[in-house]
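Chemist: Fit chain B with the ligands to the supplied structure of chain A, relying on the hints for placement.
The listed protein sequences correspond, in order, to chains A and B. Just so we're aligned, residue 1 is where the first sequence starts under our numbering, counting upward by one. Just so we're aligned, residue 1 is where the second sequence starts under our numbering, counting upward by one.
Warning: the hint list may mix true and false statements.
Unchecked claim - Chain B residues, not near chain A, derived (Cβ > 10 Å throughout): (1) 177; (2) 204; (3) 254; (4) 512; (5) 530; (6) 533; (7) 543; (8) 589.
What the hints assert, rightly or not - Pairwise CB distance ranges, derived in the manner of DEER restraints: (9) 590/B - 133/A: 54 to 60 Å; (10) 583/B - 98/A: 58 to 64 Å; (11) 98/A - 335/B: 49 to 55 Å; (12) 161/A - 366/B: 58 to 64 Å; (13) 331/B - 90/A: 15 to 21 Å; (14) 408/B - 121/A: 55 to 61 Å; (15) 160/A - 2/B: 38 to 44 Å; (16) 176/A - 560/B: 34 to 40 Å; (17) 431/B - 100/A: 45 to 51 Å; (18) 118/A - 477/B: 41 to 47 Å; (19) 100/A - 305/B: 53 to 59 Å.
Hint data in this document are derived by calculation from the structure and do not stem from the laboratory. Every residue, glycine too, gets a C-beta built ideally from N, C-alpha and C.
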Amino acid sequence: MKSVTNVIICGTGGQGILLASEIMCAAALLAGNDVKKSEVHGMSQRGGSVSSHVRFGDKINSPLVEKGCADLILSMEKMESLRWSHYLAPHGKLVACDLAITPMTVNTGHAEYPDVNAIIEKENLPVTLIPAVEIAEELGNLRVVNVVLIGAVSPHLPIDEVHWKKAIEERVPPKALEVNLEAFRKGRELFGN
Amino acid sequence: MRKKLNTIEEGTILLSGNEAVARGAWEYGVHFASAYPGTPSTEILETIAEEYDEIDAQWAPNEKVGLEVVAGASFAGARVLSAMKHVGLNVAADPLFTLSYIGATGGIVIVSADDPGMHSSQNEQDNRLMGKAAKVVILEPSDSQEAKDMVGEGLRISEDFDTPVLLRLTTRICHSKSMVKVGPRKEVPVKGYVADIKKRVPIPAHARAMHSRVEQRLEDISAWGSECSLNRIEEGDTSLGIITGGISYQYVKEVSPEASVLKIGISNPLPWNLIEKFINMVDRIVFIEENDPYLEENIKARFLIQADGKNIIPIEGELNPEIVRKAVHPGTTREITFSEIKLPARPPALCAGCPHRGAFYCLSKLGGSSTGDIGCYTLGLMPPHNALETTVCMGASIGVLAGIEKAVGREGMGKLVAAIGESTFVHSGITGLIDMVYNGNTGTVMIMDNSLTAMTGGQENPTTGKNLRGEPAPVLDLEKMVAACGVKHIRVVDPHDLTEMEKVFKEEMDREELSVIITRRPCIMAYKPIRKGIAVVDSEKCISCRLCMKLGCPAITWDGEKPEISRHLCWPDCDMCVQVCPVDAISKDMGGLT
Ligand SMILES: Cc1ncc(C[n+]2csc(CCOP(=O)(O)OP(=O)(O)O)c2C)c(N)n1
Ligand code: SF4
Ligand code: SF4
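Excised from the complex, chain A in its bound form (with noise of 0.2 Å):
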């Protein structure tokens, strides 16, 4: 096993990316790691592109992630996944929700929304799209989006299921941990191979 793991987990502002990242930072903590992650907030707040790095491994220096590196990206929106591929390392995995939120330089006709499947085939990006909205709305709460993309990844990187389930016992409130751990075997049984 090599010693750092390095993942980048995009989105937009909104979609619950700094509680994913939380919740993967806690997992690789009780797998016994060293952790470090980044992120910025701000302006990036209010609906614009969030991405937050997250380093694993024996001893991490840099909290950022270099370009050509990343063993995996979590995207939470299908175009915020395009804009991290070039970090992605030879052998890496790229993730994304089957979801399309239009930014606002598309809604004022300053830009096109692209064909990001096309781009993909095109790029031919190790790309596994996953309807993690439609698996939330059958749960009954659009907020568990970001877990059960947390499931799905979840085999791919090398943390325990134990660790998963500490970590999003740790992190979200009592009420909603059950269909939070619902979300998470859910993603993680069905895309998680």
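Modeler: Relative to chain A, chain B with the ligands alone:
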């Protein structure tokens, strides 16, 4: 659920730099803290208020007042902390520069959170230069552990050497999390207030002696700093010696683990003896620091050495491991498998349901615009509103409008108004308004009162009726305050009532006297919405006129022919698109609420 942090007395936990500063304040016996919010510093006081009841913490109306109240508490022998974003230190510069002469009775740590890369700021100023100009001690941590430790070291240096201490963080330190070893709180008694005129009244006769003490203090700390562990040499391969500090140190360790490193933790005064030792130890020197060549210029000037620095490391923007790798080890950059893809930008936008939207929509419809200020409403500059044209610093919208009128008269000013949030108005807008009244201006000032300091994440302020801890507080009455400045025409309007909003704009723009419009409606973060339902489009009725798109609401998108409204984003307590539609094609659906 997580335990409150003041119940954890030992262990290793993952903390952001800001959380670590709050932790340090608690562990090292800070009694009192005051700040004005500002990204990336805001969570320091928020964390203190949420987790550490033992510290008395409060929001100040601006950074100057924040620093002045902690100065007073220090005079009375309490350990204190004040926090601000980098530009906040400009506002607090007046007390800072003289507090430097006066010194500290209880330890004073002032946090300056700089923003290389300007993630959420209007400039990229490097406050190491401010700290040096003010002749105070500057400490620079490179991770959360050091951020916590340096609060303790800072308080000790402050008391031992009788000086304020500037703890300089950057966005990457504030908002990165790393492991921190924590301990219990050590109570330090408040010494009590004892008058000391020679120490605290800098009339020229006293101030001259104070200045001598300041110069001596800098020499003493420089000598001490060469021996203490805050500055250190990490000896490695001596063919390359890197001088660095702050977050840059982490990038250096990442890309050059073999090099010899001089890690500077005390950036002012610099530890000359240690630096000399390092220079003599290595063959080649490289300075790796973000933004200004602070270490480079000072050290080169003192020792007249040849070294690389800003010739290979950019002065603009944030550093990262790639940049450092390319500069120090050209030819070893990582291979990139997948190419970078050009995509539409995703800039931030006013939220669905934002009160500011109504005001900018109407202003734009009337062909008007604004001299702007800093807050969520700065987004009024973006399409489709295009209704904000200047921003300088907090409070400047009013002075700028006044100046435009002075230069080109009321005619030349056209349909410009000043747009300023209520928190910004209280911070430093009111003096501009006093100037307008005093000097005979006739323009219109719009105070956008959303009952929250929203841009920085939603903080209370003197107008909201709550304090930092969420407890009830007296409400500052904006109308009375504006009236007391001498403004005769004051209009209060709900910006979601588009007909009324437009009418008020028209009337006040036509008026040949100074007026103030207060747009009053809370930010969507400030309350739970009354359920007026979700907007739905009847596509039979819709005539594809695109008028609703002029609101720039993120819940409304155009599918090529008709608008689509996201039921997840639409704000239940808003009906502006219903008001705008000329053929009643949009209505509020009370069913299907999620
Ligand atoms: C001197 C200074 N201090 C702090 C900030 C950070 N800051 C930016 S906008 C803002 C306040 C915004 O509040 P308000 O004026 O009420 O507008 P809102 O965002 O609520 O619309 C603050 C504190 C700054 N830019 N400059
Ligand atoms: S946070 Fe509040 S003030 Fe800011 S854009 Fe959203 S609704 Fe408007
Ligand atoms: S009512 Fe219309 S304008 Fe208001 S939030 Fe909903 S979609 Fe946007």
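Chemist: Now tell me if each hint is right for this structure.
Modeler: Now for the hints, and whether the structure bears them out:
1. 177: Violated, since 5 Å does not exceed 10 Å.
2. 204: holds, 43 Å
3. 254: Residue 254/B is in fact no farther than 10 Å from some Cβ atom of chain A, at 4 Å.
4. 512: The claim holds: residue 512/B sits with its nearest Cβ about 36 Å from chain A, beyond 10 Å.
5. 530: Given that every Cβ of chain A is farther than 10 Å from that of residue 530/B, nearest at about 21 Å, it holds.
6. 533: At about 18 Å from chain A, residue 533/B clears the 10 Å cut-off, so the statement holds.
7. 543: Per Cβ check, residue 543/B is outside 10 Å of chain A; nearest 18 Å; holds.
8. 589: holds, 18 Å
9. 590/B - 133/A: 54 to 60 Å: violated, 24 Å
10. 583/B - 98/A: 58 to 64 Å: Given a distance of about 35 Å, which is not inside 58 to 64 Å, the answer is violated.
11. 98/A - 335/B: 49 to 55 Å: violated, 30 Å
12. 161/A - 366/B: 58 to 64 Å: Roughly 60 Å apart at Cβ, these two residues keep to the hinted range, so it holds.
13. 331/B - 90/A: 15 to 21 Å: Roughly 20 Å apart at Cβ, these two residues keep to the hinted range, so it holds.
14. 408/B - 121/A: 55 to 61 Å: Taking Cβ atoms as reference, residue 408/B and residue 121/A lie about 57 Å apart, which means the hint holds.
15. 160/A - 2/B: 38 to 44 Å: violated, 22 Å
16. 176/A - 560/B: 34 to 40 Å: Distance hint for residue 176/A, residue 560/B holds at roughly 38 Å.
17. 431/B - 100/A: 45 to 51 Å: holds, 47 Å
18. 118/A - 477/B: 41 to 47 Å: violated, 58 Å
19. 100/A - 305/B: 53 to 59 Å: About 55 Å separates the Cβ atoms of residue 100/A and residue 305/B, which means 53 to 59 Å holds.
Checked against the numbered hints listed earlier, the structure breaks hints 1, 3, 9, 10, 11, 15, 18; every other hint is satisfied.
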